[in-house]
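Chains as they are written, first to last, in this note's numbering: chain D, 1 to 194; chain R, 1 to 194.
Please keep in mind that the hints were generated in silico from the structure rather than gathered at the bench.
These numbers were taken from a predicted model, which means no experiment stands behind them.
Glycine included, each C-beta is placed from N, C-alpha and C at the ideal position.
A couple of the hints might just be wrong.
What the hints assert, rightly or not - Listed next, the stretches of chain R that the computed footprint assigns to chain D, with coverage defined by at least 3 CB atoms under 8 angstroms from CB atoms of chain D:
no. : region
1   : 29 to 39
2   : 61 to 71
3   : 75 to 82
What the hints assert, rightly or not - No farther apart than 25 angstroms at their CA atoms in a straight line, the calculated lysine to any residue pairs in the SDA-like style are these:
no. : chain 1 : residue 1 : chain 2 : residue 2
4   : R       : K81       : D       : S143
5   : D       : K2        : R       : K81
6   : D       : K21       : R       : E192
7   : R       : K185      : R       : T100
8   : D       : K111      : R       : H73
9   : D       : K40       : D       : L147
10  : R       : K93       : D       : K2
11  : D       : K112      : R       : K185
Stated by the list, open to error - Computed spacing ranges between beta-carbons, pair by pair:
no. : chain 1 : residue 1 : chain 2 : residue 2 : range
12  : D       : V119      : R       : I186      : 49 to 57 angstroms
13  : D       : Q115      : R       : K185      : 49 to 57 angstroms
14  : D       : L191      : R       : G50       : 38 to 46 angstroms
15  : D       : Y82       : R       : A49       : 35 to 43 angstroms
There are 2 protein chains.
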Amino acid sequence: MKALEDKILAEGEVLTGNVLKVGSFLNQQVDTDFMTLIAKEGARLYKDAGITKVLTLEASGIAVAFAVAQQLHVPMVYAKKYGSSNITNDVYKASVYSYTHKQTFDIVVSKKYLQPDDVILLVDDFLALGNALNGLIHIVEQSGANLAGALIAIEKGFQSGGDLLREEGVRVESLAIIDSMEDGKIVFRELENT
Amino acid sequence: MKALEDKILAEGEVLTGNVLKVGSFLNQQVDTDFMTLIAKEGARLYKDAGITKVLTLEASGIAVAFAVAQQLHVPMVYAKKYGSSNITNDVYKASVYSYTHKQTFDIVVSKKYLQPDDVILLVDDFLALGNALNGLIHIVEQSGANLAGALIAIEKGFQSGGDLLREEGVRVESLAIIDSMEDGKIVFRELENT
């Protein structure tokens, strides 16, 4: 998505450790008009997939997942980090290793929000090693729902998560894929979906 | 807001300890069409206030805050719970006691996302004792920005947070105020803003 690539070039900051900060428009601070544009493109890609629900992980995935679900007119569900709120024991659970926090945590979704007849679209702001996405996929599998695929705003293509999932047959659509950001220079992969 | 009161009566669950669960439409699972309706009403109430930014707290406030900011065509910023991500030291910080978790935690917002010429609308899904809202107000004060007021989806009117803030002169608009939920029976306050 050209507009997203342009926005990343204009506002993104490359930090040491392959960290890309896009806090000025994608998380922390969300440019709502721009996010609506991203969501329209995401909804276009999955418009014929029969999506009944969008699933993401708190906290940075919520805004983009909400915006996409809003375009598809379906509910948005987010997995919580374990112990974070009023959650009963009746949950699906998966373990996720956080590269940012250097620790493993559990994510949970109440069983009543995922049904076997649901068709799930996973949405997240970032995809790097794919740990969060794999955790969400594990939760969808437990629920018996169908997985339509994943929609990612920004994928770090130089890390393995997205391509490994594609090799496993999971549909992963990323609106911008960064193949390299060595020396602070961002190089995008050419995308078929645009 | 009649539609919100009806939705609470239809889908809300009153648990022991004055807990109201609305996870089926307001958080955990978000009914995106309904949330857009809530956001339009919120934006209507503040349409003449010159809002330049919406501020909330992760995670359950993000969806409603995004939806309201989207209607106002302004950015949405969310305060993070301290230590939760790639945050530099250049932050505004406040302490918040969580009734749900029975502990105090710090919330932070990067200084670059709040400017002295901003006019801030605080948005959250719930208001009870007002701890989160007071933390956000403390952050706005540090930034030198103007506080236009707060927009809350559901206020627990039988707890003191909202009315104390109103007595202090803070504009607090709640789309539904619950004055009592004894024995599981929800009683709403009559609102002037509808």
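Now for the hints, and whether the structure bears them out:
1. 29 to 39: holds (count 7)
2. 61 to 71: holds (count 6)
3. 75 to 82: Since 5 is at least three, the answer is holds.
4. K81(R) to S143(D): violated, 30 angstroms
5. K2(D) to K81(R): Measuring from Cα to Cα gives roughly 33 angstroms; hence the hint is violated.
6. K21(D) to E192(R): Given that 25 angstroms is the threshold and the Cα spacing comes to 43 angstroms, the pair is violated.
7. K185(R) to T100(R): holds, 22 angstroms
8. K111(D) to H73(R): violated, 35 angstroms
9. K40(D) to L147(D): holds, 20 angstroms
10. K93(R) to K2(D): At roughly 36 angstroms apart (the allowed maximum being 25 angstroms), K2(D) and K93(R) break the hint.
11. K112(D) to K185(R): holds, 23 angstroms
12. V119(D) to I186(R): 49 to 57 angstroms: violated, 34 angstroms
13. Q115(D) to K185(R): 49 to 57 angstroms: violated, 30 angstroms
14. L191(D) to G50(R): 38 to 46 angstroms: holds, 40 angstroms
15. Y82(D) to A49(R): 35 to 43 angstroms: Holds, at about 39 angstroms.
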